[in-house]
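Visitor: Sequence:
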Amino acid sequence: MTYSMNHCSKWLLCDADVTLAPMVMMRTNPVMVSPLHVLSQSIKEGGTTFKKTHGEELFDFCLLNSEFNMIFNKGMACTAKITMDAIISSYKSGFLVSEGSVVDVGGGTGVAISEIVKAFPHIKGINFDLPHVISTAPVYDGVTHVSGDMFKAIPHAETIFMKWILHDWSDDDCIKILKNCRKAISKETGKLIIVEIVRDPKGEDFFDDMRLTYDLVMFSHFSNGRERTELQWKKLLIEGGFSRYNIVKIPALQSIIEAFP
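The sequence shown: position 230 = 230 (my numbering), numbered continuously.
Keep in mind that the hints are not guaranteed to be accurate.
Stated by the list, open to error - Calculated lysine-lysine pairs in the PhoX-like style (CA-CA distance at most 20 Å, straight line):
(1) K249 - K179
(2) K74 - K124
(3) K187 - K176
(4) K249 - K234
(5) K202 - K249
(6) K81 - K118
(7) K249 - K81
(8) K92 - K74
(9) K202 - K234
(10) K179 - K152
(11) K92 - K124
(12) K179 - K191
(13) K187 - K234
(14) K176 - K235
(15) K179 - K202
(16) K152 - K176
(17) K183 - K234
(18) K81 - K176
(19) K92 - K249
(20) K81 - K124
(21) K92 - K10
(22) K10 - K81
(23) K191 - K92
(24) K191 - K124
(25) K183 - K235
(26) K183 - K249
It should be emphasised that the hints constitute simulated quantities derived from the structure, not laboratory data.
Starting from the given sequences, assemble the full structure and let the hints guide the process.
Guide: What follows is the structure, encoded as structure tokens:
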């Protein structure tokens, strides 16, 4: 009897250049699975299933638990690498016209912005995240790591990039973040690139069931996390200071939302 890799199992190779193994290990970690067991309780009583289970919100838990923080960051990094292939190939024109600096807000350990800079060397990359995240970030050519809090201020740049950040937060928190993004870019030439799920309640494409699943995951792990429809995104963008937007569909769960002051 012989064994070999198939189309599904190849994604679980830990030593492959592109792998989902860290994400699978993160998603199946007891820290992430146990909140799902009290989902019905949270629906009845309110509150966050993650906090009911662990006594802390997810990001606070990561701050206090360095071992899980590493597992979480590796899980986010591996999916960033896979998703960035679809983003870069589908949005070349958008990055080619981006001049100067691009700051990745909530960029984790810097995988996403490093892929952008690698594909478009004319871009100066800035990876922006909380101090305990930046402290674990490796060195990348063309990328500067900056620690801070997106609720207080965001580094100035020509373009701001945010991938899977806003779905963690309530509408009010998203508007605060968007207003800080608006302050950080030029009114005349600035641009915001958001990579998020855009839910279509009547959608029937390949990813729509998974988009609904992620909506439940956000509900389970964050106090106000959710996946949003286009109308919900439009409302947030306008209140956050962005009057125009375009949605670019890519071969992935997420879409690209480019927004302008």
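Visitor: Compare the structure with each hint and give your call.
Guide: Each hint tested on the structure:
1. K249 - K179: 25 Å, violated
2. K74 - K124: 24 Å, violated
3. K187 - K176: 18 Å, holds
4. K249 - K234: The hint holds at about 16 Å.
5. K202 - K249: With a Cα-Cα distance of about 16 Å, the restraint between K202 and K249 holds, given a limit of 20 Å.
6. K81 - K118: At roughly 12 Å apart (the allowed maximum being 20 Å), K118 and K81 satisfy the hint.
7. K249 - K81: With a Cα-Cα distance of about 18 Å, the restraint between K249 and K81 holds, given a limit of 20 Å.
8. K92 - K74: 26 Å, violated
9. K202 - K234: It holds: about 18 Å lies between the C-alpha atoms, which stays within 20 Å.
10. K179 - K152: 10 Å, holds
11. K92 - K124: 16 Å, holds
12. K179 - K191: 13 Å, holds
13. K187 - K234: 18 Å, holds
14. K176 - K235: Answer holds: K176 to K235 is near 13 Å, not above 20 Å.
15. K179 - K202: 31 Å, violated
16. K152 - K176: 9 Å, holds
17. K183 - K234: 19 Å, holds
18. K81 - K176: Since the Cα atoms of K81 and K176 sit roughly 28 Å apart, the hinted pair is violated (cutoff 20 Å).
19. K92 - K249: Status holds; Cα separation ~13 Å.
20. K81 - K124: Measuring from Cα to Cα gives roughly 19 Å; hence the hint holds.
21. K92 - K10: 28 Å, violated
22. K10 - K81: 16 Å, holds
23. K191 - K92: Holds, because 15 Å separates the two Cα atoms, which is no more than 20 Å.
24. K191 - K124: 15 Å, holds
25. K183 - K235: Measuring from Cα to Cα gives roughly 18 Å; hence the hint holds.
26. K183 - K249: 27 Å, violated
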